[in-house]
Amino acid sequence: MRKLAADLPRRLRALGGEGDARLLPEARLSGPMPWVIAIMIALTVVAAASALALRHAAQAASADLEGGVTVQIVSAAPAERQRQAGAALAALRQAAGVASATAVPQDQLNALVEPWLGTRTGDDLDALPIPALIDVRLSGPADTARLDGLRRAVSPVAPAARIDAQSSWLAPVFRAISALQWAAGGLIALFAFATASAVLLAARNALGIHRETIEVVHMLGATDLQIARVFQRSMATDAALGGLVGLFAGVVTVLGLGHQFAALGSGMMAQGSLAWTDWTLLAGIPIAGVLLVMVTARLTVLAALRRML
Amino acid sequence: MNQPAAEIVQFDNVGLRYGTGREVLADVSFTLYPGCFYFLTGASGAGKTSLLRMLYLAQRPSRGLIRMFGTDAILLPRERLPGFRRRIGVVFQDFRLVPHLSAWDNVALPLRVAGQAEKDIAKPVSDMLEWVGLGDRFDARPATLSGGEQQRVAIARAVIARPDILVADEPTGNVDPEMAIKLLRLFESLNRLGTTVVVATHDLHLIRKVPDSLIMRLDKGRLSDPTGALRYPPRRPSGPGAGVLDTADLA
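Read top to bottom, the protein sequences are chains D and X. Note that my numbering has the first sequence beginning at 1, numbered continuously upward. Note that my numbering has the second sequence beginning at 1, numbered continuously upward.
Worth flagging that the hints you see were computed from the coordinates, not collected in a lab. Bear in mind the structure is a predicted one, so any value in this text is a computation, not a measurement. Each hint should be verified, as a subset may be incorrect.
As the list claims (entries may be wrong) - Some chain X residues near chain D, calculated using beta-carbon distances under 10 Å:
#1 G35
#2 R63
#3 G64
#4 R67
#5 G70
#6 R96
#7 V98
Cβ coordinates follow ideal geometry from the N, Cα and C atoms, glycine included.
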């Protein structure tokens, strides 16, 4: 009876199917690994969220501006400006490929220049040579051929007209966004590399600490894969734990940053919010992290074991 | 005299040197047959442990040929090594118990490594520990066991999987004479079941207790054959004590 009682904990453990999990002391394999992985995952989540938000902002702005064309009537004489604007508007509405053409009302133009020129009592904005603007929407993208076609249609009736694709105004912004997206991708790659390096060092360290035990277990007939599985499982557990902590920290950071940017009230920033698919992608980062850690640990341990007889 | 079956281990002109040092073993040739009981003797530093390391596939020789279980053990692909090692039970001179595992788990290790189900492990492991007198120390960690207890755990671990060859390096060095005899009887029981036993020891009294044993002696890295163990077929003594040499012969 006493023997049975003494044997009970072991029998219960056996029911858990621990198998080769107990070949090595798993709990002491990885040390600070969970925290390293948590930091890496949090940074990766923030970088990935930034890249996704920038992509959305760029896509939304690009879609808005893709078929947009601005026609300016630049003439110092108000009457002539209004005459050419009217003629240009009529010509544009007749032109092929134009979905809509709308003259920007004068009060909107005044509002646009107001921050720079002021609105003190007695100011005569009409005396300023502010160009007349026509907002044109094309049925397709505003490419060079379409712009040339518009110029041919407008210039005979409005020689003071200047026609530009709206997207060209934001081309430097798009280039900057693209550069930021590449930078975010590069950061994610660096975080992955740093994580793999940390796992590699931790695995080698653990191998060194447990070298004697590993040799004994080898002599008892354990395969390289059995030993690698123990390390792999231990580090996967660490990575899962660190990944959850990192995901939580990353998501809190992203939400905080989103709140701050939303408060800016900029239209472009508002379009950079994350969709549920993006959140799903972010939630997949810890899983990718665990897989990366498992593969790195496995390859590191197998390579090291191959150097042992 | 029993006519031996096909050899289980064959060393042919085996030499071993560590690094660029001198050869610690030179021109070692012998054959082990299934079911035989061998003692390996020799002074300290004669190369007994090095020879045993090659025997349990922890060390490759610098030269020569080793065949085990009918296969060239030197050219054995790495993925086949575990299968061979599972057929060899080893009692290390320094026990080499896994420090974080209990006595029970240390003994269970070879069975777990071999992939046996936990339900099939419990009884044989408990019985084996009972048999070596450690029935009340199942959960003790190696650090809390005495030298003799650790040695008994190491022996239990080596024999639990019923290996084809049992290799023991000074297996009774840390136990009292009574326990030494008991452990020797365990080795003999295994031997009667067909396990080839190779015991490295200085203890002549121990050798005398196994009259049917064959003795190989290492002297400065070279093997001699005081009881005809290396002959083919090996001379197996028929009477009690007939194969045991006098102390003077081994000195």
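Verification of the supplied hints:
A least Cβ separation of about 22 Å between G35 (chain X) and chain D goes past the 10 Å threshold, and the interface hint is therefore violated. Given the 10 Å rule on beta carbons, the hint for R63 (chain X) is violated: about 17 Å separates it from the nearest Cβ of chain D. Interface restraint check for G64 (chain X): the shortest CB-CB distance to chain D comes to about 17 Å, outside 10 Å, so the restraint is violated. Violation of the interface hint for R67 (chain X) is found here, the shortest Cβ-Cβ separation to chain D being roughly 17 Å, above the 10 Å cut-off.
Hint on G70 (chain X) is violated. Least Cβ distance to chain D is approximately 18 Å, over the 10 Å limit. Taking 10 Å as the C-beta cut-off, the interface hint given for R96 (chain X) holds, the closest approach to chain D being about 5 Å. A least Cβ separation of about 5 Å between V98 (chain X) and chain D falls short of the 10 Å threshold, and the interface hint therefore holds.
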